[in-house]
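Take a look at the letters that make up each chain.
Protein chains: 6
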Amino acid sequence: MIAGQARSALVLSAHSGDFVWRAGGAIALAVEKGYAVKVVCLSFGERGESQGLWKQPGMDMGTVKKVRREEAEAAAQALGAEIAFLDLGDYPLEVGPEAFATIVDHIRETQPEVLLTHVSNDPYNRDHNLAHETLLRARMVAQAQGNKTAHPPIGAPQVLMFEPHQSEMCGFVPNLLLDITSVFDRKRKAMECMSAQSHLIEYYSDLAVRRAVQAVRNGGARSITHAEAHQRLFPIVGEELL
Amino acid sequence: MIAGQARSALVLSAHSGDFVWRAGGAIALAVEKGYAVKVVCLSFGERGESQGLWKQPGMDMGTVKKVRREEAEAAAQALGAEIAFLDLGDYPLEVGPEAFATIVDHIRETQPEVLLTHVSNDPYNRDHNLAHETLLRARMVAQAQGNKTAHPPIGAPQVLMFEPHQSEMCGFVPNLLLDITSVFDRKRKAMECMSAQSHLIEYYSDLAVRRAVQAVRNGGARSITHAEAHQRLFPIVGEELL
Amino acid sequence: MIAGQARSALVLSAHSGDFVWRAGGAIALAVEKGYAVKVVCLSFGERGESQGLWKQPGMDMGTVKKVRREEAEAAAQALGAEIAFLDLGDYPLEVGPEAFATIVDHIRETQPEVLLTHVSNDPYNRDHNLAHETLLRARMVAQAQGNKTAHPPIGAPQVLMFEPHQSEMCGFVPNLLLDITSVFDRKRKAMECMSAQSHLIEYYSDLAVRRAVQAVRNGGARSITHAEAHQRLFPIVGEELL
Amino acid sequence: MIAGQARSALVLSAHSGDFVWRAGGAIALAVEKGYAVKVVCLSFGERGESQGLWKQPGMDMGTVKKVRREEAEAAAQALGAEIAFLDLGDYPLEVGPEAFATIVDHIRETQPEVLLTHVSNDPYNRDHNLAHETLLRARMVAQAQGNKTAHPPIGAPQVLMFEPHQSEMCGFVPNLLLDITSVFDRKRKAMECMSAQSHLIEYYSDLAVRRAVQAVRNGGARSITHAEAHQRLFPIVGEELL
Amino acid sequence: MIAGQARSALVLSAHSGDFVWRAGGAIALAVEKGYAVKVVCLSFGERGESQGLWKQPGMDMGTVKKVRREEAEAAAQALGAEIAFLDLGDYPLEVGPEAFATIVDHIRETQPEVLLTHVSNDPYNRDHNLAHETLLRARMVAQAQGNKTAHPPIGAPQVLMFEPHQSEMCGFVPNLLLDITSVFDRKRKAMECMSAQSHLIEYYSDLAVRRAVQAVRNGGARSITHAEAHQRLFPIVGEELL
Amino acid sequence: MIAGQARSALVLSAHSGDFVWRAGGAIALAVEKGYAVKVVCLSFGERGESQGLWKQPGMDMGTVKKVRREEAEAAAQALGAEIAFLDLGDYPLEVGPEAFATIVDHIRETQPEVLLTHVSNDPYNRDHNLAHETLLRARMVAQAQGNKTAHPPIGAPQVLMFEPHQSEMCGFVPNLLLDITSVFDRKRKAMECMSAQSHLIEYYSDLAVRRAVQAVRNGGARSITHAEAHQRLFPIVGEELL
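Residue numbers (full-length UniProt numbering), protein chains in the order written: chain A, 1 to 242; chain B, 1 to 242; chain C, 1 to 242; chain D, 1 to 242; chain E, 1 to 242; chain F, 1 to 242.
Partial chain D-side listing against chain F, Cβ under 8 angstroms, derived:
{"id": "1", "residue": "166"}
{"id": "2", "residue": "167"}
{"id": "3", "residue": "168"}
{"id": "4", "residue": "169"}
{"id": "5", "residue": "172"}
{"id": "6", "residue": "173"}
{"id": "7", "residue": "174"}
{"id": "8", "residue": "203"}
{"id": "9", "residue": "206"}
{"id": "10", "residue": "210"}
{"id": "11", "residue": "213"}
{"id": "12", "residue": "214"}
With a cut-off of at most 20 angstroms between alpha-carbon atoms, the simulated SDA-like pairs for lysine to any residue come out as follows:
{"id": "13", "chain 1": "E", "residue 1": "55", "chain 2": "A", "residue 2": "149"}
{"id": "14", "chain 1": "F", "residue 1": "148", "chain 2": "A", "residue 2": "89"}
{"id": "15", "chain 1": "F", "residue 1": "148", "chain 2": "A", "residue 2": "58"}
These are computed hints drawn from the structure, not numbers from a lab.
All of these numbers come straight from a predicted model, not from anything done at the bench.
We put the CB at the ideal spot given by N, CA and C, even for glycine.
Generate the whole structure from the sequences, applying the supplied hints.
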């Protein structure tokens, strides 16, 4: 829980753009429903996901990181989320013990009801896998009663895996089609902040339409025009059959 | 939809006991929430699941079926559900074209928001598989606009698969742990109606406790004492991350 | 082999629209490369996939079938393929012994190098499953030396499964991204013949763009603008590593 | 149990050659250990697995079946097993209600401790799948207390799936490497009875050597020179960790 | 092999309680059959699995470890096993090169016929995964002829994975139901030593009853009242079909 | 691309023998087709795969490595490939940051169209898994535009996984049966260079025959006498249905 707010969520993003393309709708929706959402970016995607910037003459690493940070901050703001950057490097991402402890701290401080991250096995991008593994490990450590840190242990938050670029190649099977119709304008705005990857804006807008068609086919209201696919890792507990 | 009620569910049970042991909690819960629930029993389990009766001297098929019908009716009443019997035979169950049309009719008449049935692949019991396949086929046929029958086509109801006897052998992975604490007394009463399989009462009561422990471990309230595991077949559509 | 042509392919389509949406690009591409392509439609999709027609006042089954036939014939012509209709009924499709023998005959007469059909397990549409199973069975029977019919036995043609509507729900994992850029105009024309399902035209056009982006990501030429995803069932035999 | 013998096994073979190539070692081993083994051949493989015979001038169906029967009888004798032929046709195999009842009778009469058959999903040969499905269904029906036939119900025999021709394509994962060193000469003799498929003798002899190398790698004695791979379908119950 | 004993087994337990709950029956059974059994605990579970202790006022890490060690020693004694503690930390567990070499040494010194450990993928507890991976790596290194240490290389011991807390979520499919009826009193005694997790005693006692019911259903003797589920990782080599 | 040659391939081999047994045919075939092929050996297999050498009296590590290097060089020469040795140790293999950077350099320098390596999950040999993971990570890092090294970024080369020793235990499903008939003499020569593992020569020669039989069964020319099984990881992009 973030101070003064009833519910919260935390997103662990391997690179600073992932949370926008893959979970921007979920984030905006959660914010709309009163969640405090914190995004933790493990890296800026500075080496592997900034081709637009590297094509510019005289580009250097410091500038790439700076631009990527600013873009991600703007996107987070558009979505209504807080954002933190751990700057752990990308391609390959590496998560050492200190960084790991920081992630556990973020989780404990946030006391999230739900955690969002990548799938476990993306053959194209092993940084995504590491983010997934890191999240599961950090969730476990954050739960441990005997692990004494500034913030208290967490309960057992759900984990949502957001959609990878080539879903079938990653074993992704959506079991939640989020209706993001009411917040798609925010996701669009957030995507438009990402100049380094602007070729993806139409791609992910089209995907939202495609997932919306499927949402309707799965019993959703005909008014759904944009959706986002996610996969819950753990069983839901509740009293509702639907 | 059943006349006069806002929401409804339909359960397709291979044998007349299955809906009690495996979905009794879900049924009672749905009823409590205002659903009209209809159970359709494909057979009485008269040959394969009535060993208690067959041990009695002088038992014959007519009597077995009669007893099994009465027990199932009593169990359905305890749960608050309607019940219908198709008497298609068991071990092996066979579903011919006429029976299939009747099942489609039941589904269209009920207009269910959710359908409950067996898993797709139980190596111990192929009647269960046939019930699963029949449900998916009947759902599809009930949806067809060009299939003109007494009742209108249905939408796209969710399908819940209830827990098989040996879950891991059947590829069952629960993604819904239903909190049935508030209705467990009803499930217990329904189970107590099933004299032909009374050895299962403690087994399934213990299982409910076991699933409740897991429900709490997955973030459920500590007050949960009984739960039932189910697996949703299709993605959920909605606006909630949890 | 079709008389006078060196190579041939056969498509087994559960409903008369499936081959257009899901394999239109593959068909047009094969035709362009000199294959003779025969499409065998098991049904017209008259009950389950003609909602556009059934919404018209006074519509009847005979008219629906007639329109669906004409549309499919026009689409096949646009793609450059032959087409045959077995009129076996849909929702549910049923394939009796006589129809099965006819399918075997089509396969033997065609002597295809490649067979195209649906995936094996589509939870939304069991007619698709039956088409898949029928194809594998018919392939086997067409191979049998001791099965004496008008045409000689076939060899061991590859089987391509085309993309289902909700790929991840059907266990579809593409291992072939067909570059259909050069023939997309033909697929588009074929799709435009399908008035009963015209809402799908943009959907499948967008999908082709999406698969093209993925094709480029998997090493395809940057000039690829439209692609179609397929899954080969059997190993490829050859001398090329790529 | 077969009269006068303590233990028994039953093999359900889709075609009259399958039990020789794929389970000949298991059968001979069981016989050596005192099992009575009964082989039930659903068909002669007369259309699909008798290419050697069909190449002979003037061959006709009656002769093919006769030769196949004689070969299979000789092979069964070499292995020490009884054999029965149901002559249900092959490519495609069909199992009607009467044939099914006969299979249940064979199982009840035999009272087997173990059943052997094909895998569940062979994309090359759907007759194999049908044999698998038939076995599981017949096992279930043979267990039913309320199914009154000449022989009493059976218990819960293990099911072994023998190795298909292209194991990886059929989802076959061996969990039992049978040491058939002591009986390989019998399997070889049995294989040599199968003139219609003589090209397979070296193939399956080499396979036995290959599986033996793997058996040693999995902790078997270095003296193992021939082995056969099988997959148990159900859990083993016992007191041994190994 | 442990000096003076014919057969031996080694258990690799992530936390000091795991071997009791999940493999206590297997251990007691092995001891009863003359195996020497050594348990190697990678950690005390001091941070993540000692909530009972941490609730006590003034508790500190040294005391938790001391209590957990004493409890595990008492449990091992009740089961008849030797025990060693590596104290590598938990939540998260970490296995460095030195600890790894120690584990290899334990395995070589023991010369086990069978190794027991956790499953490969427990989404709730990544320490379990690391124990699994460590075991497979250490088994491989212990086999290497060119790896010269105080003890000789091992052969190819079987690996048993014991049952995780939420079996279906971990891909656990039991293929061995161990009849632990004759030793359940010892397992119960061992469980009663674990004061820090005493809430689990009834849970795992009930589980043993449940697995026993399944054991009987899979052909076990009706006298089985308690069982433990395990999954063998490698094929069995032998001459027995059952 | 290697200077002066149009196409190239890179093989990442955990131990210095793996590329010979498992990919020798693919390498020779690629060379025959004009590819420049570079083999990168992560270790010499000096501890775990040199049992023939270690049996010789007075053997030491330096000599084992020297012999293994010479054998692998001779084998590479027989196949027509370049070879490099990283000497990272085996059983267990370890890949530190510097070695990782070297692998990335090899890949960028080679600019391969195709990469060959081990499967992802071999329960018998975790060095193989690490080679697989290392390859995928290095491929990703070699692609990163912002990773500035001596050689330019690569495109998106295909990855082939070669056949592990016990294919079914490793989840290996071949989707490419390479016809190596024309180059098998070269593979045989290369295998004969491996004196430390000479027991494998007949094993892998027989395997090539076995895979050839399967290649013919999958539609390959009857002239195929030797084949090698591989599994492509990524979809193929192209215009050919076959």
